[in-house]
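*Asks:* What follows is the residue order along each chain.
Number of protein chains: 2
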Amino acid sequence: MRRIVADRFRRLFNRSFLLHRHHHNHNHPPFPASSSLTSHYPFSPYRFFFSTPFSSMASDSPFPVTAQNINPKVLKCEYAVRGEVVTLAQNLQKDLLANPGSHPFDEILYCNIGNPQSLGQSPITFFREVLALTDHPAILDKSETQGLFSADAIERAWQIVEQIPGRATGAYSHSQGVKGLRDTIAAGIEERDGFPANPDDIFMTDGASPAVHNMMQLLIRSENDGILCPIPQYPLYSASIALHGGFLVPYYLDEASGWGLEIPELKKQLDVAKSKGINVRALVVINPGNPTGQVLSEENQRHIVDFCKQEGLVLLADEVYQENVYVPEKKFHSFKKVSRSMGYGENDVTLVSFQSVSKGYHGECGKRGGYMEVTGFSAEVREQIYKMASVNLCSNISGQILASLVMSPPKVGDESYESFMAEKGNILASLARRAKTLEDAFNKLEGVTCNKAEGAMYLFPQIRLSQKAIKAAEEAKTAPDNFYCKRLLNATGVVVVPGSGFGQVPGTWHFRCTILPQEEKIPAIVSRLTEFHEKFMDEFRD
Amino acid sequence: MRRIVADRFRRLFNRSFLLHRHHHNHNHPPFPASSSLTSHYPFSPYRFFFSTPFSSMASDSPFPVTAQNINPKVLKCEYAVRGEVVTLAQNLQKDLLANPGSHPFDEILYCNIGNPQSLGQSPITFFREVLALTDHPAILDKSETQGLFSADAIERAWQIVEQIPGRATGAYSHSQGVKGLRDTIAAGIEERDGFPANPDDIFMTDGASPAVHNMMQLLIRSENDGILCPIPQYPLYSASIALHGGFLVPYYLDEASGWGLEIPELKKQLDVAKSKGINVRALVVINPGNPTGQVLSEENQRHIVDFCKQEGLVLLADEVYQENVYVPEKKFHSFKKVSRSMGYGENDVTLVSFQSVSKGYHGECGKRGGYMEVTGFSAEVREQIYKMASVNLCSNISGQILASLVMSPPKVGDESYESFMAEKGNILASLARRAKTLEDAFNKLEGVTCNKAEGAMYLFPQIRLSQKAIKAAEEAKTAPDNFYCKRLLNATGVVVVPGSGFGQVPGTWHFRCTILPQEEKIPAIVSRLTEFHEKFMDEFRD
Chain A
0 MRRIVADRFR RLFNRSFLLH RHHHNHNHPP FPASSSLTSH YPFSPYRFFF
50 STPFSSMASD SPFPVTAQNI NPKVLKCEYA VRGEVVTLAQ NLQKDLLANP
100 GSHPFDEILY CNIGNPQSLG QSPITFFREV LALTDHPAIL DKSETQGLFS
150 ADAIERAWQI VEQIPGRATG AYSHSQGVKG LRDTIAAGIE ERDGFPANPD
200 DIFMTDGASP AVHNMMQLLI RSENDGILCP IPQYPLYSAS IALHGGFLVP
250 YYLDEASGWG LEIPELKKQL DVAKSKGINV RALVVINPGN PTGQVLSEEN
300 QRHIVDFCKQ EGLVLLADEV YQENVYVPEK KFHSFKKVSR SMGYGENDVT
350 LVSFQSVSKG YHGECGKRGG YMEVTGFSAE VREQIYKMAS VNLCSNISGQ
400 ILASLVMSPP KVGDESYESF MAEKGNILAS LARRAKTLED AFNKLEGVTC
450 NKAEGAMYLF PQIRLSQKAI KAAEEAKTAP DNFYCKRLLN ATGVVVVPGS
500 GFGQVPGTWH FRCTILPQEE KIPAIVSRLT EFHEKFMDEF RD
Chain B
0 MRRIVADRFR RLFNRSFLLH RHHHNHNHPP FPASSSLTSH YPFSPYRFFF
50 STPFSSMASD SPFPVTAQNI NPKVLKCEYA VRGEVVTLAQ NLQKDLLANP
100 GSHPFDEILY CNIGNPQSLG QSPITFFREV LALTDHPAIL DKSETQGLFS
150 ADAIERAWQI VEQIPGRATG AYSHSQGVKG LRDTIAAGIE ERDGFPANPD
200 DIFMTDGASP AVHNMMQLLI RSENDGILCP IPQYPLYSAS IALHGGFLVP
250 YYLDEASGWG LEIPELKKQL DVAKSKGINV RALVVINPGN PTGQVLSEEN
300 QRHIVDFCKQ EGLVLLADEV YQENVYVPEK KFHSFKKVSR SMGYGENDVT
350 LVSFQSVSKG YHGECGKRGG YMEVTGFSAE VREQIYKMAS VNLCSNISGQ
400 ILASLVMSPP KVGDESYESF MAEKGNILAS LARRAKTLED AFNKLEGVTC
450 NKAEGAMYLF PQIRLSQKAI KAAEEAKTAP DNFYCKRLLN ATGVVVVPGS
500 GFGQVPGTWH FRCTILPQEE KIPAIVSRLT EFHEKFMDEF RD
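Heads up: the protein sequence lines correspond to chains A and B, in order.
Just so we're aligned, residue 0 is where the first sequence starts under numbering that gives the first Met the number 0, counting upward by one.
Just so we're aligned, residue 0 is where the second sequence starts under numbering that gives the first Met the number 0, counting upward by one.
Misleading hints may appear alongside valid ones.
Identical copies look the same in the list; a pair holds intra-copy or inter-copy alike.
Taking lysine to aspartate or glutamate and the DMTMM-like style, the derived pairs with C-alpha atoms no more than 20 Å apart in a straight line are [to be verified]:
(1) Lys93 / Asp182
(2) Lys308 / Asp270
(3) Lys72 / Glu222
(4) Lys178 / Glu154
(5) Lys93 / Glu382
(6) Lys178 / Glu106
(7) Lys72 / Glu379
(8) Lys75 / Glu379
(9) Lys75 / Glu382
(10) Lys330 / Asp199
These are calculated hints, taken from the structure and not from any lab test.
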């Protein structure tokens, strides 16, 4: 039985590999010739082979639904950010609670996910005031309210409540989101870009993830439809492409030039995919980069826009880290602004920009707010996008309100302005310091190099592992970076995500670590990491 | 070009029809013999043929994405609750705003969707107090807060904030939802059912819709996988099955016996589907019914559980209207309780129960809270369900909190208890009165019969239309019920959804009307409806 299941999965994977079998003569080969299956694929399929307890799969299952008869696309989907290492961490956390002192650390530090408030970051006061008031508008005109809430938060809450038809903050909204809130967001985009934005182009969503799924669902018809994705990438993309049965066409970011996005690499991978019969539908660009932290230059972005225009690709622009830029020499430019500044109009470039309230300086992950701005689609296709949004009725109204606040924060002269700017400034300055401290610490480790985080919330250091370590991982039936990350967790309580979950040049190993632990904890983390790493290197020295 | 597109869609539909082509000799034939394509299918495909402006589809489209090259499953998906009639209503509303007095009514009454607060229902005070306090926990220990909020709301908010790791109400939670909130929900289920519930069986979701999509995604591998759905059904099910590429296996509710769910009909349709090579994976039961309003008897539910057990089907129990029962002779029983009371344990019946904060007496649609309770799945499959939840990180925390409140409202002795019970009681009593008034009004109309709404939020009257009306609809290239509903909207501003959007016995025509307009508006609605209907019947008298 076990062999049948393994064969089944092998076939499933081979199908993906087949198309790239004969493609060996490139600089960054997505799937280079190798005697071992394990180094073929940027996502380490064998991690998958061993992570599910297939031994318990029996044909005499008492259940009508089994791992053998569910949708194979679900089996194929991987999401390392909450994968095996995180499950191990959750078990350790339970164990720590039940048996204090049973491990060489007293808390688990979740550096696996961009979740700032889980690590102690406080929410922005103004945003929370407005949320509370719009949740319970009955107190808006009570006198005690003035003692508890700032005047501009009360005013903003009134405005928002008035914008919602029937003042019904508990009603389903228009499928794209409350019109008045979309007006505010469009105005915020206009102010950011200096080019007009249309509220009818905004589709509000529960975070950016459902928006990405919607686009994949729209574009992918079969496994012959391809989506160009950066490698390394945020695994939402690989997961969503797998769930919708499409083909991930990888393009490699150049680690040596600070995770540069090179047009010749895009063109090369597009041509390879086309030659194998893949219809490439879209290009995913994550700017600032996740997990790689680079911020694209405007010139680079212009070339990307032209590439999409020439090749007839939808540009899926993940711009959720637009507020997270930490280096003075770089600035965020939206792809919409770049394309408009090149003279392209609404119908010239098909562009979807994803934004989320989960990131930025506010990090309101749990509120699940976000939107996509959809431009350059025909009326018929927009109608289909609208229909898909309608099937889920609408995104949550608190998330919608928060998205409008993020795109329209307090202005000069507002009562909250100064305290808001102080909160925002402190968080961003602290994130920049944390990024630098961790980057420096990683670069001091033997065999580790780490590009700087110009933006976003992550570092993605490369670890050069010895043959002995790689062999030990093989014996443990896991990927070398997974082996390292599990060891790190068991020794320090620090949770990071193996590079194989994001994809990496085959034969290289990385991990992603957020820059989010509170500053006072960073020295201890650095010393624990350093101590662990030295021991690991010594243990596995060739 | 136009012909090619039409042919393409015809092929798409024919594929669905094919399987039922030779099945003509049953009492409630899902697709009876007919000379016309239009009466074949319970969802009136030709509504679809004509609703999209395909004339503008040209192969020289300047856009890389066109209606011809998107995912055909998206094209196939229909969601009438926000379909053509609602779009027309939105346009009328804009027109009313721009040109007051331009129509024979001064407001649009949205009876198309179960959205109580959009029609003036006030939220439950206790729920909103807790939501506001957990959104802005910084005010929890301020003295002014005690003047604005009830003591038990403050206490509950403290409890909830303490249950969230790090008190981080803005952080992503566990992929299934905050553990402490799931504990509360499980305790609420136990209290409701008298049988244990496991917090690890709870997956919290942004409303019930994403939960339904998750299950369809898990179960459907290809168009040969079928899901037994009631006809009429809530179109989330048909939409989700279409989006995931499965096959809707219809079973007809018996209108004559108050929308009875008959086991022989289930068995018959299952056998027909099997004989055509369909693997039927699951049975959808909506109780209380949507759009049909019936409440199942416990005995009937026991037979349904046994049917699923015998046939190896997953029972997908839509129980979102569990609080909405209006007749003393009926009571809601969860399928979990029924199956446990029959002696079936955790591993004997594979059951998913969907719950939502959007319905009930509170109707908090915009908060997008809900959960599914998942029982009778193997550990491997649960792991896959967990992975799917993880890809979207978590549902929104306010929705999670609200779901916990709904399953654990104020108790005797709490400060809010009496006012809470009064708010709840008033809403439910008023809904019961509104249901009865509208039901009586419909039954007085010529050619109209309407079963009572024992529960849920809808009436689904049958309208017997004349041959002349049917011919007029045909000339207008629309379904007869769509024709009627559009006429009704244009004459009265009342928005209802044609029965063809829910499915109905071919050749019968219905519409769904919510019972939600505020009581003071009902007499005017009834007289406008009556006047319209009389004129319509006169105009189209054979």
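*Asks:* Tell me, please, which holds for Lys75 and Glu379 at an alpha-carbon limit of 20 Å: within, between, both or neither?
*Replies:* The answer is between: 14 Å across copies meets 20 Å, while 32 Å in one copy does not.
*Asks:* For Lys93 vs Glu382, is the C-alpha pair at or below 20 Å within one copy, between two copies, both, or neither?
*Replies:* Cα proximity of Lys93 and Glu382: across copies only (18 Å, versus 48 Å in one copy).
*Asks:* Is it within a copy, between copies, both, or neither that the alpha carbon of Lys72 lies no farther than 20 Å from that of Glu222?
*Replies:* both (11 Å within a copy, 14 Å between copies)
*Asks:* Between Lys178 and Glu106, at a C-alpha cutoff of 20 Å, which is it: within one copy, between copies, both, or neither?
*Replies:* Between copies, since 18 Å is at most 20 Å while 45 Å is not.
*Asks:* Quick one: Lys308 to Asp270, C-alpha cut-off 20 Å, is that within a copy, between copies, both, or neither?
*Replies:* within (16 Å within a copy, 52 Å between copies)
*Asks:* I want to check one pair: Lys330 and Asp199. Are their C-alpha atoms no more than 20 Å apart within a copy, between two copies, both, or neither?
*Replies:* neither (28 Å within a copy, 45 Å between copies)
*Asks:* Under a CA distance limit of 20 Å, which applies to Lys93 and Asp182: within one copy, between copies, both, or neither?
*Replies:* Classified as between; 16 Å across copies, 46 Å inside a copy.
*Asks:* Which holds for Lys75 with Glu382 at a C-alpha limit of 20 Å: within a copy, between copies, both or neither?
*Replies:* between (31 Å within a copy, 13 Å between copies)
*Asks:* When no copy is specified for Lys178 and Glu154, does a C-alpha distance of 20 Å or less occur within a copy, between copies, both, or neither?
*Replies:* This pair counts as within: shortest intra-copy Cα distance 19 Å, inter-copy 36 Å.
*Asks:* Within a copy, between copies, both or neither: which one fits Lys72 and Glu379 at a CA-CA cutoff of 20 Å?
*Replies:* Between copies only: 15 Å across, 29 Å inside.
In the structure shown, a violation is registered for the earlier hint numbered 10 alone.
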